[in-house]
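Line by line, the protein sequences are chains Y and C.
Going by this note's numbering, the residue at position 145 of the first sequence is 252; the numbering climbs one at a time, nothing skipped.
Going by this note's numbering, the residue at position 294 of the second sequence is 297; the numbering climbs one at a time, nothing skipped.
One or more of the hints may lead you astray.
Calculated lysine-lysine pairs in the BS3-like style (CA-CA distance at most 30 Å, straight line) [unchecked claim]:
(1) 199(Y) x 522(C)
(2) 585(C) x 167(Y)
(3) 66(C) x 163(Y)
(4) 478(C) x 646(C)
(5) 646(C) x 167(Y)
(6) 167(Y) x 527(C)
(7) 551(C) x 522(C)
(8) 163(Y) x 522(C)
(9) 525(C) x 163(Y)
(10) 169(Y) x 551(C)
(11) 169(Y) x 531(C)
Just so you know, these hints were derived from the structure itself, not from any lab.
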Amino acid sequence: MNMKMKLFLVIVLSLFLVPSLTHSQTILFSEVESSLMCTCGCNMVLTSCQCTTADKMRSKIKSMLAQGKSKDQILASYVNLFGETVLSEPTKEGFNLTAWITPFIAIGAVGFLLYKAVNKWSGQRTQNKKIPDDLLLEYGTKLKNELDNFEDGDKT
Amino acid sequence: MIIVGQISLAIALAMAIYSGVVSVIGIRNRLGQFLESGRRSMFSAFTALSIAMVLLSLALITKDYSLKYVAEHVSNSLPSFYAFSALWSGQAGSLLLWSWLLTLFASIVIIQNKNKNLELMPYVVATLSGILIFFVSLLVFVTNPFETLGFTVTQGSGLNPLLQNPGMVFHPPSLYLGYVGFAIPFSFAIAALITRKLDTQWIISTRRWALFAWLALGVGNLIGAKWAYVELGWGGFWGWDPVENASFMPWLVATAFLHSVMIQERRDMLKIWNVSLIVFTFILTIFGTFITRSGLIASVHSFGQSQLGILFLGFLGLIIIFSTYFVYTRRKDLKSRYHLDSILSREASFLFNNLILIGAVFAILWGTLFPMISEAVRGTKITVGAPFFNTITVPIGIALILLTGICPLISWRKTSASNFAKNFRIPAIVFFSSFIILFIAGIRGFYSLMAISLSIFVISTIILEFYRGTAARMKYNNENLFIGFKNLIFKYRRRYGGYLIHIGMMVIFIGITGATVFKVEKEKVLRKGDTLTIKNYKLTFLGTDDFKTPLAEKFIATLRIEKDGKYIGIATPSKEYYYLQKQTSTEVSITSSFKEDLYLILAGGDDTGAVNIKAKINPLIGWIWWGGYILFGATIFTMWPSKKKKKKKPLQRPGDGKVNTKELESKNKVKV
Numbered sequence: 108m109n110m111k112m113k114l115f116l117v118i119v120l121s122l123f124l125v126p127s128l129t130h131s132q133t134i135l136f137s138e139v140e141s142s143l144m145c146t147c148g149c150n151m152v153l154t155s156c157q158c159t160t161a162d163k164m165r166s167k168i169k170s171m172l173a174q175g176k177s178k179d180q181i182l183a184s185y186v187n188l189f190g191e192t193v194l195s196e197p198t199k200e201g202f203n204l205t206a207w208i209t210p211f212i213a214i215g216a217v218g219f220l221l222y223k224a225v226n227k228w229s230g231q232r233t234q235n236k237k238i239p240d241d242l243l244l245e246y247g248t249k250l251k252n253e254l255d256n257f258e259d260g261d262k263t
Numbered sequence: 004m005i006i007v008g009q010i011s012l013a014i015a016l017a018m019a020i021y022s023g024v025v026s027v028i029g030i031r032n033r034l035g036q037f038l039e040s041g042r043r044s045m046f047s048a049f050t051a052l053s054i055a056m057v058l059l060s061l062a063l064i065t066k067d068y069s070l071k072y073v074a075e076h077v078s079n080s081l082p083s084f085y086a087f088s089a090l091w092s093g094q095a096g097s098l099l100l101w102s103w104l105l106t107l108f109a110s111i112v113i114i115q116n117k118n119k120n121l122e123l124m125p126y127v128v129a130t131l132s133g134i135l136i137f138f139v140s141l142l143v144f145v146t147n148p149f150e151t152l153g154f155t156v157t158q159g160s161g162l163n164p165l166l167q168n169p170g171m172v173f174h175p176p177s178l179y180l181g182y183v184g185f186a187i188p189f190s191f192a193i194a195a196l197i198t199r200k201l202d203t204q205w206i207i208s209t210r211r212w213a214l215f216a217w218l219a220l221g222v223g224n225l226i227g228a229k230w231a232y233v234e235l236g237w238g239g240f241w242g243w244d245p246v247e248n249a250s251f252m253p254w255l256v257a258t259a260f261l262h263s264v265m266i267q268e269r270r271d272m273l274k275i276w277n278v279s280l281i282v283f284t285f286i287l288t289i290f291g292t293f294i295t296r297s298g299l300i301a302s303v304h305s306f307g308q309s310q311l312g313i314l315f316l317g318f319l320g321l322i323i324i325f326s327t328y329f330v331y332t333r334r335k336d337l338k339s340r341y342h343l344d345s346i347l348s349r350e351a352s353f354l355f356n357n358l359i360l361i362g363a364v365f366a367i368l369w370g371t372l373f374p375m376i377s378e379a380v381r382g383t384k385i386t387v388g389a390p391f392f393n394t395i396t397v398p399i400g401i402a403l404i405l406l407t408g409i410c411p412l413i414s415w416r417k418t419s420a421s422n423f424a425k426n427f428r429i430p431a432i433v434f435f436s437s438f439i440i441l442f443i444a445g446i447r448g449f450y451s452l453m454a455i456s457l458s459i460f461v462i463s464t465i466i467l468e469f470y471r472g473t474a475a476r477m478k479y480n481n482e483n484l485f486i487g488f489k490n491l492i493f494k495y496r497r498r499y500g501g502y503l504i505h506i507g508m509m510v511i512f513i514g515i516t517g518a519t520v521f522k523v524e525k526e527k528v529l530r531k532g533d534t535l536t537i538k539n540y541k542l543t544f545l546g547t548d549d550f551k552t553p554l555a556e557k558f559i560a561t562l563r564i565e566k567d568g569k570y571i572g573i574a575t576p577s578k579e580y581y582y583l584q585k586q587t588s589t590e591v592s593i594t595s596s597f598k599e600d601l602y603l604i605l606a607g608g609d610d611t612g613a614v615n616i617k618a619k620i621n622p623l624i625g626w627i628w629w630g631g632y633i634l635f636g637a638t639i640f641t642m643w644p645s646k647k648k649k650k651k652k653p654l655q656r657p658g659d660g661k662v663n664t665k666e667l668e669s670k671n672k673v674k675v
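Extracted from the complex, chain C is given alone in its bound form (with noise of 0.2 Å):
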């Protein structure tokens, strides 16, 4: 098996090479059996490092301790669910998710793309070659998962105990499912830049990809943040740990690059800008992989200190060199023939929410990087923790939530400013009277009363564009409500399906606001008999009791909870002593409801039976996670193809359209 392993992981490395070399030999000399090769090797890449994963996940559910990767992440209590996921725990193994990932999207790309794209193909092929080289490099020379231990041993030092939740199945493989899937339209970019085929058709191609690496993202983001609040026992959802921060970058700028390439479609413009930022996201992905793996940034991630640290660097540096130089040399290229027309347009509003989304990413990019540069200027290294992140923040989201609310207002090229004070008429009165409502409720925050008003003010936007759009069929198509509103979503999907994920991300930031401003904390010893009020919640203590499993000791103390006066449920907050890492760790209870959640940690017991309880209430905590549905299912709503596919040419105005001489010659069989 592991001779096997280590072939597979061999072949892989050669594979790349080829591909790569005849891909580059095969584009130099105009050879399309070279290019085909390169193609297929790419398929033979995928299949070695398939048979990779699977022996190596054999070997983990197995726990066949020959190997230096299983002994060091798996034991022999540990369950095949969990034992499963130490493939992507340690350097090794998640260095070869990342490796097969990125062959399998290489494989389905060149299948798409079998009669399309033919001149950008042979690029796209040797920039994701050029990429796996380099991780499959790192597989075979520096980080083998298949290195053998080299004697016996009968048990493994196991997985982290915070590590053994369903988070750990999930979380991983959908931040790396990001992660890779944009190299596709980065590479997509760089074949763009490197044959100066610079319009459209090189983001219509990767849209989809941007897409669903974007969800990803988010998804694995998300998940993160409900295991860190299920699991760490803080009450909190985001650290702004370097590494979260790193994974959340990238969507930021994908996030932008969604938006402005609107425009580009749209208008033929911002082409050095949009190639550049979807550079910027995949040098992001890549500088979020060195963080986690060099241990230069202090990381509760981190997977420790490693040469891999300057090989990331090194190579990071190389696409920076790599793509800055294309992007420079293609730079007339990449000019726009026409400008924004008003600062009162939709073009500019996306150009500001791209301004105000890039400087999140700066913030919190100087933010994370801050204690080096500290330390090199003034020789002290500082800790730059969630409390700045959250100063810095807030504000900027704040902005980020009305620009997102005043963009559907606002029409593509120009709106005259009678026009839009009437399209802004209902939604500023919703705002004004959420904001005063809310003030009344007790609010007192201006953050907290402007990112729920403006929530609402943007969730108003959006259902009177609905209800324009609906009314519009229903008078024009002669649609009932049902079939106008239907025929409305699905026959625009990209846009009523971006509109939904704006809702999705609406009642995310309501709930970040609500968990974050409006909790409620208490701690309180009890003993036997003894209750616990917070807010509108009584907790009896009931007693302790403790048992053993295989894997770990639990403590367990139970409560009965009641909600005005009425029972509503047995808590069992724990704590665990997990016997093969000498580690406690904290099993929180959460009672969740629509409202809020009353989080409970058992924070210390004795042997005469007191335990304290600690006791919070967390408001509308439970809309982030509902947050994240809605914004998951609205984005597979618009990323799923559609019946008919008309293809969009930019607009233009009359009088400064191009004209196409070749084609108009050979219409009109005239000379132009």
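If we strip away everything but chain Y, and leave its shape as in the complex, we get (with noise of 0.2 Å):
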């Protein structure tokens, strides 16, 4: 039982620690918890984590939310007390916003030359395939002969 009880003691705090939370806030309570990283050290997302740590976290959470305090608030007194490093994402300011767009604009700068490089190649094709007038002419001239004479040879 002596297990037990540390069990309970565990589980019990995630319990009794929490505050009910009307829609709206309940809301904001799912974008503050997948924001914050859990500070045990286990590298998971709040959302993600099912430690004691966790727990406490969320009961903290919801009793600042009861309390009245925004999404931004929360936040800030986590960045406070843990540095940027509790967030689970890269602000969108600053060098960190080079994170954010970084992906597409190698993505579309590439793409582009992809794009500018297969027309290219496809161009240079058909131009490959234009046939000089010239040499047109001649070779006109020599299948029209050759059809000639092999109607003949047919009739023949």
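Make one complex out of these two single chains by using the hints.
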């Protein structure tokens, strides 16, 4: 039973520190939960972590929401405590903005170059296929003569 | 046992070095006996590592705590099933598995190519030996699985509770099969570069190996996703952890490779691109191993900080320099003879598919490394977690689905706009109809609407391909529907197997979208007799129970489940407290159906009998696993050897063909 009591102590925290939230606060809670990392060192987003630290964090966030604090205020309070590393994604400002835009710039730029290259290659192919007029006339005449001869021969 | 294990590792290292050295001497001096000796010593290395594998497995199962590795990874009460899986749960054991698989694959390749690829094989053996030397050296000098503890213990530390899941038995070995499997096409690519035999032969010889490694890595990732879903207790399946990313990236590059080699086989184009892709794939597999073992990037999966990181970094650098040198110096030989004919061609669509896949890899790599980049530039370490990757990869994934659908509608070389429009008509109608129906059904998110509609669009193009092919066979070969369909897919296994793989992928995409976007969640404190209603499910709390097992104490909540007023079963989510590790673990209860999963988590409880239950409805999540089964079956079908083997020559334009003067001379007995 000793172990069981330990187990209860672990679980009980999450049970009694849960203030009830309104519908809009519940949505905000989900947003905050996915914006923060669990601080136990597991490197998991708070939504994903099931440890006691995560339970405590959730209870604290719920309390803060119940007190009327906004998402930004809650996130700021965690950043003050643990630094920027507590946020689950880079902020969309300053140097961090490069994290968000670089992949799309790279794909766009390479895609544009690829499009240009494919067009150039296919254009070259079309140009290469163009037969000069004099050659066309020469081969045209040759073909006509051969066809005439073939038809004549066929008749005979 | 310990001495034999250590000697086996030493012999394996000696054989790997010998194999590498005599292969190089044999190549330089054209000594056939040396080359044969190099090949045989690879078999000896395999035998030595097999002995080491058996001995370590026995030590784990029999709980021989004189070994440090055993004492650190198993305990007296751990079932043999999990004790065996501890073989790959630690640093040294997993490296032993890596090395053993490498010698196994190398031995198979040597047997397969006994009378084939005679020019390439010595270089293949030398390259594989080089890789093996690195891995076995780590085992002998840095992290020896047969290292003794030095003192006596009666109980081991045991296996982390989260690892005590059937996923542990299949997930890591499957990933290793993939990682090590890519060493084979990589070695052939290096051999082709060195010998300048850069035609399609190395690709044909390694096609099945590449597909096998791709499948193993894909299945390994899916097993990992299922494991996370049932074990971690958060209802998700992919956390975008750096190590997860590290196993996903080589799979993406290999997907690009498997598509673009078709262009080389058919049109003799993209040689430099294909060789670079397989080199990049192998580099990423080593990068993945480096991330897991260096402790440089914080990860749930990490083995912790160790000196192995710097060694892996050095090895990674060596591979990059070695491969880049050969690709660069062979660039003229790798130059394609032909160019694309049109932007509206299957080749071009494959190229853009490659762009998207490599773009996805870049985005994931960028996100994985950004914390380090940020620290280097700003001096501030930040976290790049799942929300970032979800935002970045969703639009890329949608572009990929679109291309997957468009590709079969375009012919090789060139498609006229009118022909494309004709082929596009029915799938386009299916796409717009799906989009409208889903919108009317209440789905509003642009990405989710696009992802599901486009997946249906892709499936419709594939069904159309099957229909057209079968109809053609029925018309021209006088076959009935069943025979026509059977002959179509069995005679063109690679093409239609590929389409089936695409269907599997689309089913997975639909599952991911459903489970991510439409999930519903509710949390409530329940006392005996209380109910929790979520969508059309009613859960009645019946009470709690607790009992002890040799490993843990379990605290269980029992709930009666009703769906639409009908009883469908009992759920028993639980919390477990593992004595040895002093760690709690969550065991969720999952009630699955074709449409959705009811996912119940016991979040808390007290000694008055009240419990805190988190209920989640995860729509379509089962489709991810079903898509995986389709993908697995279809890939096996595609890989399966055909009875008739026809050697395909690259298509040539009339009047622009290659003239093999030697062949012509020998046939016509004339000097050309």
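Status of each hint after checking the structure:
no.: 1; hint: 199(Y) x 522(C); verdict: holds, 27 Å
no.: 2; hint: 585(C) x 167(Y); verdict: holds, 25 Å
no.: 3; hint: 66(C) x 163(Y); verdict: violated, 38 Å
no.: 4; hint: 478(C) x 646(C); verdict: holds, 25 Å
no.: 5; hint: 646(C) x 167(Y); verdict: violated, 66 Å
no.: 6; hint: 167(Y) x 527(C); verdict: holds, 17 Å
no.: 7; hint: 551(C) x 522(C); verdict: violated, 34 Å
no.: 8; hint: 163(Y) x 522(C); verdict: holds, 24 Å
no.: 9; hint: 525(C) x 163(Y); verdict: holds, 19 Å
no.: 10; hint: 169(Y) x 551(C); verdict: violated, 34 Å
no.: 11; hint: 169(Y) x 531(C); verdict: holds, 25 Å
The structure fails to meet hints 3, 5, 7, 10 from the earlier list, while all remaining hints are met.
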